[in-house]
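Number of protein chains: 2
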Amino acid sequence: MAGWSVAIDLTREDEGSPTFVRIARAITDDIRRGRLRAGDALPGTRTLASSLGVHRNTVLAAYRELFAEGWIASEKARGTFVAVEIPDAQPRRFSAKAALAREIAARPGYDVVGPVARERGAGPLALAAEARMRVPLPPRRAASIAKDTVMTLGGGVPDVRLVPTSELARALRRVLRRNAIEVLSYGDAEGPLALRRAVAKMVAATRGVAASEDHVLVARGSQMGVDLVARTLLSPGDVVAVEALGYRPAWEALRASGATLVPVPVDGHGMDVGALERLASEQPIRGVYVTPHHQFPTTVTLAPARRLRLLDLAREKRFWVLEDDYDHEFHYEGRPVLPLASADVHGVVVYVGTLSKVLAPGMRIGFVVAPVPVIERLAATRRLVDRQGDHLLATAIAELVEEGELQRHIRRAKRIYSERRARLASLLEAHLGGILSFELPTGGTAIWARVASDVPVDAWATRALDEAALILQPARQFAFDGKSRSFLRVGFAQHDEREAKEAIRRMVSVLPKRGASR
Amino acid sequence: MAGWSVAIDLTREDEGSPTFVRIARAITDDIRRGRLRAGDALPGTRTLASSLGVHRNTVLAAYRELFAEGWIASEKARGTFVAVEIPDAQPRRFSAKAALAREIAARPGYDVVGPVARERGAGPLALAAEARMRVPLPPRRAASIAKDTVMTLGGGVPDVRLVPTSELARALRRVLRRNAIEVLSYGDAEGPLALRRAVAKMVAATRGVAASEDHVLVARGSQMGVDLVARTLLSPGDVVAVEALGYRPAWEALRASGATLVPVPVDGHGMDVGALERLASEQPIRGVYVTPHHQFPTTVTLAPARRLRLLDLAREKRFWVLEDDYDHEFHYEGRPVLPLASADVHGVVVYVGTLSKVLAPGMRIGFVVAPVPVIERLAATRRLVDRQGDHLLATAIAELVEEGELQRHIRRAKRIYSERRARLASLLEAHLGGILSFELPTGGTAIWARVASDVPVDAWATRALDEAALILQPARQFAFDGKSRSFLRVGFAQHDEREAKEAIRRMVSVLPKRGASR
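Note that the protein sequences, when read in sequence, are chains A and B. Reminder that position 9 of the first sequence reads as 9 in the numbering used here, one-by-one numbering, no gaps. Reminder that position 468 of the second sequence reads as 468 in the numbering used here, one-by-one numbering, no gaps.
Isolated chain A, as found in the complex (with noise of 0.2 angstroms):
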């Protein structure tokens, strides 16, 4: 078994029978609850002898018996090894009927998966379906698309073709030469003080967010700083706004820490402001759940206006705002709108921020900046998660941006998303114009458009994924209330030309009669 020594328990009941057959015994043992399976390679006798401490002949014996019973086979090239046809194997294996299987039936559990996952019994095409996607590409090289192969006109996904893969794989291996003793002990819950360092300076260069590395913690992607903050700020019973289109993930890490969510209506200018105030003044809020640079999903950024009154009422009403700007980095007109955080005299403001979506959603690394008490409190919690993080993907990452190598890829990630940008906005108005409308959204990896009323929205995503291995991702997804609204989130980020034009075709192809109910 790939260089592991085998354990063979012998302090089983038959304590007075020879050794030899109490290692029989504990073979067939093995055997029938599932731990060796048929065709499995048993160990040498020698080895086998000296790891339980017998004479080899002892073993010899043991396997000797087994063969004449039909448990075990021998072949010259291969050694011994389970037979493949085994006489009265019972599987005892981990099984649903287990006491701890029948009990975890019976509790509730997360929701992360939204409504069209549940409705279609979250099988990985349906989970896929939701608000994160986890299809893979298709290799670049291909000669052409399969017509199985899974696609997604979902938003929210990178390319992870541009990652920078062979700079990553250099800067890993000059942390493992160089900081090697740092990156594999114990380091700060808080993440590598390079990286910080580095996060500090780029959200004060490129979003006017006064921090210092004690104002900064490394997180696993944002989903783990909007968890530490729920875990860390809100106890049961306190109640959190949300977006009432927004981001599911983060409502149910919000809603593991007890918190029960008001939903806040969203228009083309974002959040409601003044609905939350009349929330705020009919009941305590105690905290906030907003995303102001590119709202999720609708792409629109929250209107100035609605930004300071924002801040002042947090201030007014004391909660605090949870700002996720999940994809600061890609704005492709004129001057970036600064995040609330850099307004935030009062303090009001915890930000997540993350790398995942500008380099690779598997590469978790995220980031919150808070007041230094916050970021102390968010560590401690953090030391209960995981400890910490990858100090050593961390640390690599960090010196990527050192050497510019992480801006040199944002701004050519940038540059590429811009065109596909307006390439998808091209194909959509050329073969979806009487169907669909939108306006280009200035930032973010995806267009929200509006379906014509009479077209049947939710059916569409339905044959789409059914007959065309095309995942769309509806409005209703995102929806607080589960219900259906006629817009389509369509990504253009992770599609270059040729797979743009394949998605839309699909698109088109199972395009629902119009007037049927949606």
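Keep in mind that the hints were calculated from the coordinates and are not lab data. Fair warning: there could be bad hints in the mix.
Since the list can't tell identical chains apart, any single copy or any two copies may satisfy a pair.
Using 35 angstroms as the maximum straight-line C-alpha spacing, the simulated DSBU-like pairs for lysine-lysine come out as follows [unchecked claim]:
| # | residue 1 | residue 2 |
| --- | --- | --- |
| 1 | K513 | K147 |
| 2 | K76 | K414 |
| 3 | K201 | K317 |
| 4 | K147 | K501 |
The structure displayed is predicted, hence computed values, not measured ones.
Go by the hints and put chain B onto chain A.
Leaving out everything else, chain B in the frame of chain A:
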């Protein structure tokens, strides 16, 4: 600023002023509130003009204004930067006066640090003096160990200098070449299939646990395993039994999910299962957290009769057993004892293990083995925490297992630690023979030594830290009741001969007078 495009906020109140004045004011504001600091480089005039969408002459005018007012300076080689003598700096950075900071001060936090660090103000050294260490090792090649280099004689820490870092770097590079798209994209919350398979094979081969990849969730160290179980299986008010001498970070994770903990005594044969039975007949117990293999911190193995009784009791009283097998590999004599999970016919055990101990604490790779429905539910909780693990690192480690590299490393580390165990035992006998008494542990990374009753053990640890830069771990740190006991946990794994001698020299040099109160 290191390649970032600098954002300057021109959307302030003074909209009537000329643009060059608004640019100048935006920059002085940024200097006042600490976003730009003395000596920071300002962007070049061309760059800034282009990013603000203004003529370069406008930026030149703003810079002239700032230069005249003394805010900025310029040097030929360096360009323009914030003046070192700032005229009127009143930094308005995040401070302890922030609204959120006040609020958080009023909230209870988690106590992962234990009594010593708490009483000493939780500075880095005091934190390090707690259960798991973060003091970096001295480089092996240093000519001598400086007097003020902090050393630790705590247990639980491997020698990260043994980690095969070149092989790891190569494996990471290979994965980034071959599987980049896969490991950089969203993936399974359970962990990459390759490592789940490798772990299933490993626990089947070495620990007698019947498992396939579906029974395995890759977690970030055993800590995340415990935390996920707590968040998934506990509700506020549930009672969980723990060892009266035990592992505080796990206790705090259980508490964070609202559980009430009750201590069960520990003796020379591990947890007192008879005492647990009495407890369970007095009140409903929801779960038991136990370290049966090498009890933490006493290093003893749970006696066979107690193991069987514990499993039966779990079925009778309907509680689950969370088995933390945190250093299974390090067993130096004869047959390893198999975990409770290997004999769990009722399906009541959730088994948690880790590779962080056999590789490096900074590499957070652990695993949970449990019935399939439990794994599925843990994965749903995991999606809230950080979406998924380190698929790059996990896949690289799966390759190291596939190649037998991890197994070679474990064999080598075991041989070295076994020698270090013997050496530490001799050193303790030679230099502290009348003070410490102990049995040689059969496994693990530490000796649990009884301290002569007339030696004040806590005072000894305090003096060691204050006067000899040496971290000792008295029993009190691990005590559920926080009370003193005459025991020390003395680690042997992380020190080579020279280091062990120096640590013992320091330990002896601060031995308090016998007969003083402890």
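Now the hints, each set against the structure:
In this assembly of identical chains, the alpha carbons of K513 and K147 lie at most 35 angstroms apart only when taken from the same copy (23 angstroms versus 81 angstroms across copies). Only between protomers do K76 and K414 lie at most 35 angstroms apart by alpha-carbon distance; the minimum there is 33 angstroms, versus 60 angstroms within a single protomer. For a Cα distance limit of 35 angstroms, the shortest separation of K201 from K317 inside one copy, 32 angstroms, qualifies, whereas the shortest one across copies, 56 angstroms, does not. For the identical chains of this complex, K147 and K501 are intra-copy neighbours only, at 13 angstroms inside a copy versus 68 angstroms across copies, given an alpha-carbon limit of 35 angstroms.
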